[in-house]
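Given the coordinates of chain A, assemble chain B onto it according to the supplied hints.
Read top to bottom, the protein sequences are chains A and B.
Heads up: the first sequence at position 121 corresponds to 121 in our numbering, and the numbers run straight through without jumps.
Heads up: the second sequence at position 322 corresponds to 322 in our numbering, and the numbers run straight through without jumps.
Each hint should be verified, as a subset may be incorrect.
What the hints assert, rightly or not - Straight-line C-alpha distance at most 30 Å; calculated DSS-like pairs for lysine-lysine:
#1 K47/B <-> K142/A
#2 K313/A <-> K116/A
#3 K190/B <-> K263/B
#4 K44/B <-> K142/A
#5 K19/A <-> K299/A
#6 K44/B <-> K237/A
#7 K263/B <-> K329/B
#8 K237/A <-> K263/B
To be verified - Example chain B residues on the side facing chain A (calculated, C-beta under 8 Å, incomplete):
#9 E9
#10 G46
#11 S48
#12 S58
#13 A64
#14 H100
Simulated from the structure, these hints should not be mistaken for lab results.
Idealized CB from N, CA, C, for every residue including glycine.
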Amino acid sequence: MAARKSAKKPNVSAEELTKYYRDMLLIRRFEEKSGQLYGMGLIGGFCHLYIGQEAVVVGLEAVAEEGDKRITSYRDHGHMLACGMDPDGVMAELTGREGGYSKGKGGSMHMFSKEKHFYGGHGIVGAQVPLGAGLAFSDKYKGNDRVTFTYFGDGAANQGQVYETYNMAQLWDLPVVFVIENNQYAMGTSVQRSTKSPALWKRGEAYGIAGEEVDGMNVLSVKEAGERAVAHCRAGKGPYILEVKTYRYRGHSMSDPAKYRTREEVQKMREERDPIEQVREMLLTGGHASEDDLKAIDKEIKEIVNKSAEFAKESPEPALDELWTDIYA
Amino acid sequence: MTMIEAIREAHDVAMAADDRVVVFGEDVGFFGGVFRCTAGLQAKYGKSRCFDTPINESGIVGTAIGMAAYGLKPVIEIQFADYVYPAYDQIVSEAARLRHRSNADFTCPIVIRMPTGGGIFGGQTHSQSPEALFTHVSGLKVVVPSNPRDAKGLLLASIEDPDPVIFLEPKRLYNGPFDGYHDRPVTSWKKHPKGEVPEGNEIVPLGKASITREGSDVTVLAYGTMVYVAEAAAEATGVDAEVIDLRTLLPLDLDTITASVEKTGRCVIVHEATRTSGFGAELMCLVQESCFYHLEAPMIRVTGWDTPYPHAQEWEYFPGPARVGEALKKVMEG
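So here's chain A without its partners, still in its complex pose (with noise of 0.2 Å):
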């Protein structure tokens, strides 16, 4: 149940690299242009950039199989477009518009794909907890062989009914991976403002539940954890922890005054652990790709973010009728 350091010369083929960086990079173009269109107010209200947590949501894709489940709070564009979500539906959603994945029902923070076995995309703090082991229990219960990943962040992990959840994950055995984002931040609180037992994972010891810490900078580091935590599943034996130390380089939501941290606090963690410019590196160093590789990569998702932004913009609006749509059965 100790923390591991994560393998120091990764068995790592050219194409899932290769794969990892692109769908890194999807995210963080996909954000950016978020940012941009929120800028020029076509997304309104509340937003939650990923910025900076590419890795967690790849490197846990990659250990996920068809029919594995995933569940989200509201900073959920990332761990869409990792499942395979189309990013002109979630962009669409985002701008609000009869494209969108949840037909401007839901926005930025409520969507969902049955099609994906995404399960949301959920407003409240640490409310998605519960339902990530009412989904694993479903599948317990139909003899599924499949895992749920329930993603919360550092300040959900002091809700009451996480523990709640643990508490019940592990008497029942459920299949379910919790995956604790801890970007430090729970919006403009520190871990260490909001508790004195900053080991987050290691909270799960009390109800029995295995876990780990693990470098969410590093795709690869995560992508091993996960293994860990599948297999751990997968095999009966219950819920496991993955508490991933990220980091988020933009605000909580588009206004954050951002007085919580340095500049230089985040400047550091950009440019000495992006989990994107690692990856590149390796492609790079590696003899994996060239840079003509990487650039034609770039171009490919610059093309599928400008079209999603594109389709959200021409997307048109939900008529009104549409509000009393999906109330009731």
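Structure of chain B alone, referenced to chain A:
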């Protein structure tokens, strides 16, 4: 049979018919529920289908929502309605809203059962009637049965229903009927016509009220325990009241209400819950909106007071036949 037996039988019928139905809550499995509503189900269907949970209402409801989103039909018990508040976030933000915000990709067919109301000296934390907290929430359905027959049929309908249902069971009615007076002997459910419960899967549809006493002077809108109080008050005063047992508060059977008030021209609304922002306020508003020109007197509400639910003064607080009778006489003078 008693209301408890009827509720148990509804579980049994639903579990036998559909293995997606799972039943759980605090003391629900091994012990069979604090009021015994789930007794015998674990022995019959096994621990995977009827089981105990830790004492954590938010977690119980939250996991049920997740199960429902992926193909199960959880029927869960909150031990007392007074214990539901920790789960309110899950009910409002998740259960009620999942269908809408996921554009119907995911739905939440759960039933949350809970004993409600007073009359058993439960004091503040075992007597409350929180129905208005749920009728205020779009996406929920709210059901309050008043007798064994309805309890079984409405519970079966609730389990069949594709949306989340709050199922409030008036605990005063569980074991014995309540003939309106707390200090007089009652007819047992065994001899009561509504204690006769049809076998099998006979549902009572949601959204349909029942006229339990026909009358021409005044319409009384009531639900749960108050149905019997209203009937007793009508007998005691001689006012020819038409008593409507709403049975489902959301969706509400406004057609039956409107037809009755248009006939009688008067309306009294009765509930145990506290007065301010109680469901009676909504009923009064709806009747005003739909029947204003038929009303011959101002409507009257008879409700619990705006105090915490009392212990010692339970039967003063409780809107009994005397208070309801006064309202009937007063509305006839108007």
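For the pair supplied as a hint, K237/A and K263/B, confirm whether the alpha-carbon distance does not exceed 30 Å.
-> Given that 30 Å is the threshold and the Cα spacing comes to 66 Å, the pair is violated.
Hint consistency between K44/B and K142/A [alpha-carbon to alpha-carbon, up to 30 Å] | 19 Å, holds
Identify whether the interface hint at G46/B stands, where standing means a beta carbon of chain A within less than 8 Å of its own.
-> With a minimum Cβ separation of about 11 Å from chain A (threshold 8 Å), the hint on G46/B is violated.
Hey, K313/A versus K116/A, does the alpha-carbon distance stay inside 30 Å?
-> Roughly 24 Å separates the two Cα atoms, so the pair holds.
For the pair supplied as a hint, K47/B and K142/A, confirm whether the alpha-carbon distance does not exceed 30 Å.
-> Measuring from Cα to Cα gives roughly 14 Å; hence the hint holds.
Are E9/B and chain A close enough, Cβ to Cβ, to be under 8 Å, as the hint says?
-> 24 Å, violated
Does the interface hint hold: is H100/B within less than 8 Å of chain A, judged Cβ to Cβ?
-> Holds, because the Cβ-Cβ distance from H100/B to chain A comes to roughly 5 Å (cut-off 8 Å).
For the pair supplied as a hint, K263/B and K329/B, is the alpha-carbon distance within the 30 Å limit?
-> With Cα atoms ~18 Å apart, K263/B and K329/B stay inside 30 Å; holds.
Keeping to a limit of 30 Å between CA atoms, is the pair of K190/B and K263/B held or broken?
-> Roughly 35 Å separates the two Cα atoms, so the pair is violated.
Against chain A, run the beta carbon of S58/B and see if the smallest gap drops under 8 Å.
-> 4 Å, holds
Tell me if A64/B is really an interface residue toward chain A, meaning its C-beta lies closer than 8 Å to one of theirs.
-> Where the cut-off is 8 Å and the nearest Cβ of chain A is about 6 Å from A64/B, the hint holds.
With a cut-off of 8 Å on the beta carbons, see whether S48/B makes it to chain A.
-> 6 Å, holds
Violated hints for the displayed structure, listed by number in ascending order: 3, 8, 9 and 10.
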